[in-house]
Amino acid sequence: MMKLMIKSSQPALWGRMESCAAVGNRRRPPLLRPSAVRLFLPIACAALLAAGDSIPAQDTALQIDPAHTRVEFTLGDVLHTVHGAFQLKRGNIRFDTATGKAAGELVVDAASGSSGSGARDHRMNTSVLESARYPDIVFRPDRVEGKVALEGASQVQLHGMFTIHGAEHEITIPLEVEAADGQFTANGRFVVPYVKWGMKNPSTLVLRVSDKVQIEIHTVAHR
Numbered sequence: 354m355m356k357l358m359i360k361s362s363q364p365a366l367w368g369r370m371e372s373c374a375a376v377g378n379r380r381r382p383p384l385l386r387p388s389a390v391r392l393f394l395p396i397a398c399a400a401l402l403a404a405g406d407s408i409p410a411q412d413t414a415l416q417i418d419p420a421h422t423r424v425e426f427t428l429g430d431v432l433h434t435v436h437g438a439f440q441l442k443r444g445n446i447r448f449d450t451a452t453g454k455a456a457g458e459l460v461v462d463a464a465s466g467s468s469g470s471g472a473r474d475h476r477m478n479t480s481v482l483e484s485a486r487y488p489d490i491v492f493r494p495d496r497v498e499g500k501v502a503l504e505g506a507s508q509v510q511l512h513g514m515f516t517i518h519g520a521e522h523e524i525t526i527p528l529e530v531e532a533a534d535g536q537f538t539a540n541g542r543f544v545v546p547y548v549k550w551g552m553k554n555p556s557t558l559v560l561r562v563s564d565k566v567q568i569e570i571h572t573v574a575h576r
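To convert, count from 1 in the sequence shown and add 353; that's our numbering.
Treat the hints as calculated values from the structure; they're not laboratory data.
None of these values were measured; they are calculated from a predicted model.
Wrong hints could be hidden among the right ones.
As the list claims (entries may be wrong) - Here are the simulated lysine-lysine pairs, DSS-like style, with alpha carbons at most 25 Å apart:
(1) Lys-565 - Lys-549
(2) Lys-454 - Lys-553
(3) Lys-565 - Lys-553
(4) Lys-442 - Lys-454
(5) Lys-500 - Lys-553
Build out the structure end to end from the sequences listed, making use of the hints.
What follows is the structure in structure tokens.
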């Protein structure tokens, strides 16, 4: 009985040994050929670049400090030049340093204009700006042209829509910016052709004034 059992198990044993030998002799899959590697690398690089473009850039958000902001105006006339200032109600700006896209708003109190003469300021508010009807002067930036340095000095152009006397106008403000430790100081100036934009010229037969007013802005903002 023992001999029969041994004989009957030998074919199964040899079969398993042959199977193991076949597994050991099985060919491994070939490595990538150099030509395939050269084809694959550009595709992989393009995929990585596309993935990088899909990552949204971080905006830089700034809160403008009304207490440290001056909005000054200069109006020339025949006898002398009139200087005055407006008060900023509130302001904020966001911009993307990679694309130049910008958003936010600066809101100026139209009734706050002061030139040192009560009569002249009253005429400016009631006849020119009509501040009771149009209480806010607003600038909404939409694009920064140039690179804003997050540390140090930079010169840029801030483009956007300027709303005054109930109408929107496209303007670009050249700015000199200084940044340090999260604080940004900016200075800029632009001209408002107020008569061309539909506002009344306050000139009289005796006193002639310019039909344009120069605006200068000095502001401090924080991240």
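Hints versus structure:
The straight-line distance between the Cα atoms of Lys-565 and Lys-549 is roughly 9 Å, inside the 25 Å bound, and the hint therefore holds. The straight-line distance between the Cα atoms of Lys-454 and Lys-553 is roughly 35 Å, outside the 25 Å bound, and the hint therefore fails. About 11 Å separates the Cα atoms of Lys-565 and Lys-553, which keeps this hinted pair within 25 Å; it holds. As the CA atoms of Lys-442 and Lys-454 are separated by approximately 24 Å, the hinted pair is consistent with the 25 Å bound.
Between Lys-500 and Lys-553 the alpha-carbon distance is near 38 Å, which puts this suggested pair outside the 25 Å criterion.
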